Amino acid sequence: MNTIELEIISNQYVCKFYFERRINVIKGDSGTGKTSLLELVRDTSPDIIKNISLDVLVADDLGWKALMTASKNAIIIFDDSNVIDSAEFAKCCYEYVVKNNLYLLIFNRESLKIEQNGEGSGYMPHISYSIDSIYRLCSDGINHWLEPFYNLNTFNQSSKLDICITEDSSGGFEFFNKLLNMLSVEHSDGGKSAIVDKIERMSIKDKNILVVFDRAAFGCEIEKFVNKLRDYNITVLDSYECFEELLLRSNLFLNNQEVKRVFNNLPAYANKYCLSWEVFFEKFLACITKEKPYKYLHGKRLRECYFEECGSFSFCTFELSQKCDLDIKGSKLDWLLKDTKYSYLLTFHDNGKNITRKMSAF
Amino acid sequence: MLYIHVGQVERECIRTIDPYFNRNKSKDWFNRDDVKKIIKNIDLSIAVKDEYIESPVFGGMSPTKLSTGCKAVILMAVLEKPYIYATKCGDNCVPDILEISRNKDVHITLHHIMQFPESGFEAVIAESGKKVCTFGGFVDEYYRIRDNF
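One line per chain: the protein sequences are A and B, in this order. Per the working numbering, the first sequence starts with residue 492, numbered consecutively. Per the working numbering, the second sequence starts with residue 6, numbered consecutively.
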């Protein structure tokens with residue numbers, strides 16, 4: 492299933508919602524019709540027209556766990572719930588959402604970041620959700636629809652940049668450091684939750700900053716990012732899910748039928764296996780490269796195959812190159828990204844010949 | 006004065022706005038000018054008399070059908086010592102919250118960044134006692150406390 496639909500039409504209320512991911516957060520002003528929506532969801536009167544991809548259930552603070560455990564193939568709505576920042580809720584999401592084919596619609600202004608105190612259940616990862624699945628509920632009185640909640644400045648070829656900060660400190664950082672060699676590139680030194688502190692510590696308010704974070708899993712951090720850095724000149728990458736997605740969209744996999752199939756129906760594949768698309772891309776890339784010399788493992792050092800000319804580095808021996816399906820001469824980065832979704836990143840790549848801007852700026 | 010609590014929700018704080026409001030509402034509330042104004046500003050509805058409200062979408066309706074944010078702000082106006090979980094309030098509630106807190110002490114708990122104006126308001130962050138007068142000051146103090154939980 493590609494897109495989940497939730498359409499409800501009555502004489503006083505029309506809503507048409509479409510979403511692609513499993514975890515969806517809806518915010519907005521008071522009085523935009525959220526309570527009325529819940530009433531209509533529960534109402535089975537024949538005058539109400541409903542086009543809904545799956546069953547819709549409304550969770551309350553007492554019965555939510557039983558609902559998540561027992562329901563299958565359903566949209567579950569959490570309305571101003573007091574449990575969504577609990578470790579128990581996160582645990583249930585990881586355990587049941589994919590297994591039971593659930594889609595969550597969470598009406599809440601709080602972040603899904605887990606409150607650390609009082610839970611006593613040890614470390615629990617925050618729920619990974621995309622900034623692109625945080626919506627604003629809009630209304631003109633009768634009609635109701637969803638719009639993206641966060642509109643960040645996105646990178647384009649005319650963007651002026653001085654510095655790049657990456658969330659990733661391993662492969663992604665290494666790649667962007669090579670790719671954006673006309674800029675100073677640094678990593679946050681602590682993942683996504685350390686980006687804001689890193690930028691504040693660097694005193695770069697007067698600089699044009701490109702921040703590379705995984706949109707697919709930045710939902711918990713975006714409120715802080717937007718509000719704390721509102722006086723900075725920040726640019727982000729448009730629809731950049733994560734580093735692995737960038738590699739999968741590169742020319743390295745241009746003729747890979749499996750990759751083509753996945754991107755033609757991404758929500759269906761990603762939602763089938765993982766709660767977060769970030770994790771899906773990590774696993775998918777690892778899987779399709781596992782037998783290759785350019786094997787990729789998330790969190791590990793990136794092999795030179797992704798940025799150095801074939802045959803030009805010690806790992807790429809004659810014996811290995813005989814088994815490899817790559818033999819790219821010239822700039823590997825140019826070849827990888829040319830005419831792809833991310834070709835605009837080559838604007839700040841000059842094959843390493845001229846890096847005076849980087850050297851002089853910092 | 007507006008007192009903003011950003012830590013854990015305390016027992017005295019009204020978090021379940023809808024049931025509390027529906028149980029405790031009194032018809033006199035809806036004849037008050039300040040409450041009529043709140044209903045008009047947030048839910049674009051008119052409190053005609055007692056508990057009769059006219060909504061542009063639903064027509065005549067009971068106060069129980071007001072939005073949760075509107076109910077929360079009404080409670081701030083009518084309770085003697087209000088202490089409300091204001092993360093239930095959308096940003097369109099901010100002007101009314103600030104207006105009420107100009108005339109009396111209002112305690113709210115916030116677990117999100119409410120979009121206060123850039124300047125021209127006053128609030129005290131309850132955990133630190135720090136007074137904030139700008140949106141930036143509020144954001145900095147909010148994360149300073151919450152990041153050190």
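Heads up, some of the hints might be wrong.
Heads up, simulated PhoX-like pairs for lysine-lysine below, C-alpha to C-alpha not over 25 Å straight-line [to be verified]: (1) K820(A) <-> K832(A); (2) K582(A) <-> K541(A); (3) K791(A) <-> K689(A); (4) K683(A) <-> K582(A); (5) K45(B) <-> K518(A); (6) K41(B) <-> K70(B); (7) K70(B) <-> K507(A); (8) K791(A) <-> K774(A); (9) K719(A) <-> K763(A); (10) K541(A) <-> K669(A); (11) K719(A) <-> K41(B); (12) K70(B) <-> K541(A); (13) K604(A) <-> K541(A); (14) K86(B) <-> K518(A); (15) K751(A) <-> K719(A); (16) K683(A) <-> K669(A); (17) K563(A) <-> K582(A); (18) K518(A) <-> K135(B); (19) K86(B) <-> K136(B); (20) K136(B) <-> K719(A); (21) K832(A) <-> K786(A).
By construction, these hints were calculated from the structure, which means they are not laboratory data. Keep in mind it's a predicted model, so treat the numbers as computed, not measured.
Hints versus structure:
no.	hint	in the structure
1	K820(A) <-> K832(A)	holds, 22 Å
2	K582(A) <-> K541(A)	violated, 32 Å
3	K791(A) <-> K689(A)	holds, 22 Å
4	K683(A) <-> K582(A)	holds, 21 Å
5	K45(B) <-> K518(A)	holds, 21 Å
6	K41(B) <-> K70(B)	holds, 15 Å
7	K70(B) <-> K507(A)	holds, 22 Å
8	K791(A) <-> K774(A)	holds, 13 Å
9	K719(A) <-> K763(A)	violated, 35 Å
10	K541(A) <-> K669(A)	violated, 52 Å
11	K719(A) <-> K41(B)	violated, 36 Å
12	K70(B) <-> K541(A)	holds, 22 Å
13	K604(A) <-> K541(A)	violated, 33 Å
14	K86(B) <-> K518(A)	violated, 28 Å
15	K751(A) <-> K719(A)	violated, 39 Å
16	K683(A) <-> K669(A)	holds, 21 Å
17	K563(A) <-> K582(A)	holds, 17 Å
18	K518(A) <-> K135(B)	violated, 28 Å
19	K86(B) <-> K136(B)	holds, 20 Å
20	K136(B) <-> K719(A)	holds, 18 Å
21	K832(A) <-> K786(A)	holds, 22 Å
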